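Residue numbers (my numbering), protein chains in the order written: chain A, 38 to 287; chain B, 38 to 287; chain C, 38 to 287.
Certain hints may be false.
Same chains, same names: a pair is fine if it fits in one copy or spans any two.
[Unchecked claim] As a list, the in silico DSS-like pairs of lysine-lysine whose alpha-carbon atoms are at most 27 Å apart:
| # | residue 1 | residue 2 |
| --- | --- | --- |
| 1 | 154 | 280 |
| 2 | 280 | 136 |
| 3 | 196 | 154 |
| 4 | 136 | 125 |
| 5 | 154 | 281 |
| 6 | 211 | 154 |
| 7 | 281 | 136 |
| 8 | 211 | 277 |
| 9 | 136 | 154 |
| 10 | 136 | 211 |
| 11 | 281 | 125 |
| 12 | 154 | 125 |
| 13 | 125 | 280 |
| 14 | 154 | 277 |
Think of the hints as simulated: they come from the structure by calculation, not from any bench. Please read these numbers as outputs of a predicted model, since none were measured by experiment.
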Amino acid sequence: MRGRQVLKRGRAICKGRATAAFTPGVARQWAGCTNQPGTQNPELGTKNAKPYSHSAARSLHALTMTDHARIGIVTVSDRASRGEYEDKGGPAIEAELFKILLSDWEAVNVIIPDERKVIEATLIDLCDHEQCCLVLTTGGTGPAVRDVTPDATAAVCEKLMPGFGELMRSESLKAVPTAILSRQIAGIRGRSLVINLPGNPPAIHDCLMAVFPAVPYCIDLLEGPWLDTDPEYCPAFRPKHAKKPGPAAG
Amino acid sequence: MRGRQVLKRGRAICKGRATAAFTPGVARQWAGCTNQPGTQNPELGTKNAKPYSHSAARSLHALTMTDHARIGIVTVSDRASRGEYEDKGGPAIEAELFKILLSDWEAVNVIIPDERKVIEATLIDLCDHEQCCLVLTTGGTGPAVRDVTPDATAAVCEKLMPGFGELMRSESLKAVPTAILSRQIAGIRGRSLVINLPGNPPAIHDCLMAVFPAVPYCIDLLEGPWLDTDPEYCPAFRPKHAKKPGPAAG
Amino acid sequence: MRGRQVLKRGRAICKGRATAAFTPGVARQWAGCTNQPGTQNPELGTKNAKPYSHSAARSLHALTMTDHARIGIVTVSDRASRGEYEDKGGPAIEAELFKILLSDWEAVNVIIPDERKVIEATLIDLCDHEQCCLVLTTGGTGPAVRDVTPDATAAVCEKLMPGFGELMRSESLKAVPTAILSRQIAGIRGRSLVINLPGNPPAIHDCLMAVFPAVPYCIDLLEGPWLDTDPEYCPAFRPKHAKKPGPAAG
């Protein structure tokens, strides 16, 4: 099989667990993470969050690095996280990734409420500890008071990638004029690319089709796993000098 | 009548007064606001400006909430504020709104100089005290040293809406290549949407036509008054699930 | 001759020197600038960098102001700065400027490594001391860990000009989908316009063709020298009211 879904929790407090085949670090359980993210991540929630440690991560990465990609899928929704509403965004992203990616990958699924500190803690965990080379969020990108996904993303990323938001809004504008209400952004934390997607499955499709052709080369530049896409569904672009490293290079 | 213009001052120190029909709070007079905005608004002019209080505003809003919309129109111009130059931007915005809106609305007009602290104080007043669901500025968006409207807007908004600036510049580019010199942005303060428009009336028209279809649904998401637009002049878009609340819903 | 290239250093530590015809300030030599930029520019490298002093610069500018434009060209590349790689971006920018500009101008060339503090110090020097009305960088705009040119640019500019990055990415997208990986921005420091360009010469061409029509009027608004472009190669746009000042006005 091409990808594998890790177990989801019905009322996921925080996230799906890594599979036995890939268990970086110790198993962690976030009891009551909504109320006390700071106790496990004291640096969170401030503008001066301790940045990702490149050297530490690099050595960990060297131990675990394969072409197997882990991709975080984060549903941000108060109602879905309370089980009052079926999560549609997360499954829609996963279904798209099954169509897009030919190389080996694995989803790390998370459903969390629209709480900025919880979103920040989740993104940090997926990037730094779960070693997801790509983290895709869905939901919470609008102007309403509870929509804080882009703000949390900006707070934990060292670099923002304005071209992703510009292109996604520009594509979504072809469907609806309210596309300009999406504040979705993308950014880099350490060696991970984080992209905010909308909540609505058709809009998720439009946005992924628009930006995914650039994602594999971005992951290359971040020294992550080599991603191959289905050239008929979503052709990835790499400059001529970009070559797959290692014995499988061709 | 569909909208009503409140009185303007020739050399408006700060802003037009609310009409008798709608007078939230006490009548305030900003004597010498250009020099001493800090005395009435001590928190202004710093990056750590005290944020809008949602709970206080919500209860005030509950008392006064109607479908009657108040819209702030802020002309930012040194010369217009000194009376050396006829304000063309403010009247152009108002004329557009008369064509766009079918639902009841009222303009709150202000003419102020290109002083960042005065602009910040004016935006805060229009959002928090005058309860404008929408504030449109004109002027001060360029690269010159006195052009500081977007900087003031960013300083008082909790959330920025990058899609507005992107779309307005993209539309204006169809007319002139210097459209990229506009730094215009939009953002949310509390329950108000603030949009920077250019100073030039034809550019104001182009920008409003581009973004206004998304404005009524944005105001809905901010729990503001229901806005109806003329579908032949500027059709607003709302998703199917967006329904007008209250007894007049249909 | 229309423009003149100042001498380049093979392993340029910091920058080319001003020509004898135009030597503002004392000749400065940055010995070991990579390690100790702070010793000459103690305010650098912090978010609270001392801003450009308009009044001081204005009086200096009044003494030296002519229609002769100085344009900084900054190649940001670890390998080029060590001499391991031939700089292609800088010469490509200069070749484009020779085609674009008919008015008198002079290049100030610099090749520096991908070190944020060195980039910041270089931009400050070119804007404040070398009095370049325009500074064009090449390289370092991607997502990789050493790509920090936009971050350095944002740190030294008082105003950002989002329209430049939006338009350059939008144009580059016509060539390659990976254009969204460029984080290139533009901004204003004092009376200078700073624009990040990509590293790849064809992309440099596309980006300059897209934004340069707006550059001369931007420099006008910053009270810099009057730039004339070749109307057949790259027609500049100025509004009707923009008139060339001084005795040569027509």
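Go through the copies and call it for residue 136 and residue 125: within, between, both or neither, with a Cα cutoff of 27 Å.
within (17 Å within a copy, 40 Å between copies)
Between residue 211 and residue 277, at a C-alpha cutoff of 27 Å, which is it: within one copy, between copies, both, or neither?
between (31 Å within a copy, 17 Å between copies)
Between copies, within a copy, both or neither: which fits residue 136 and residue 154 at Cα up to 27 Å?
Neither: 32 Å inside a copy, 44 Å across copies.
For residue 196 and residue 154, with the copy left unspecified, which applies at a CA distance of at most 27 Å: within, between, both, or neither?
Both: 19 Å inside a chain and 16 Å across chains, each within 27 Å.
One pair to classify: residue 125 and residue 280, alpha carbons no more than 27 Å apart. Within, between, both, or neither?
Between. Shortest inter-copy distance 22 Å satisfies the 27 Å Cα cut-off; intra-copy 36 Å does not.
Measure nothing new, just compare the shortest in-copy and cross-copy C-alpha distances for residue 154 and residue 125 to 27 Å and report within, between, both or neither.
within (23 Å within a copy, 45 Å between copies)
Checking residue 281 and residue 125: alpha-carbon separation at most 27 Å within a copy, between copies, both or neither?
This pair counts as between: shortest inter-copy Cα distance 25 Å, intra-copy 35 Å.
Evaluate residue 280 and residue 136 at a C-alpha cut-off of 27 Å and name the case that applies: within, between, both or neither.
Cα proximity of residue 280 and residue 136: one copy only (23 Å, versus 35 Å across).
If the cut is 27 Å between Cα atoms, do residue 154 and residue 280 qualify within a copy, between copies, both or neither?
neither (39 Å within a copy, 32 Å between copies)
One pair to classify: residue 154 and residue 281, alpha carbons no more than 27 Å apart. Within, between, both, or neither?
neither (37 Å within a copy, 33 Å between copies)
Up to 27 Å CA-CA - residue 211 versus residue 136, copy category:
both (23 Å within a copy, 25 Å between copies)
When Cα atoms must be at most 27 Å apart, do residue 211 and residue 154 count as within-copy, between-copy, both, or neither?
Cα proximity of residue 211 and residue 154: none, with 33 Å in one copy and 38 Å across.
Against the hints set out earlier in the document, violations occur for numbers 1, 5, 6, 9, 14.
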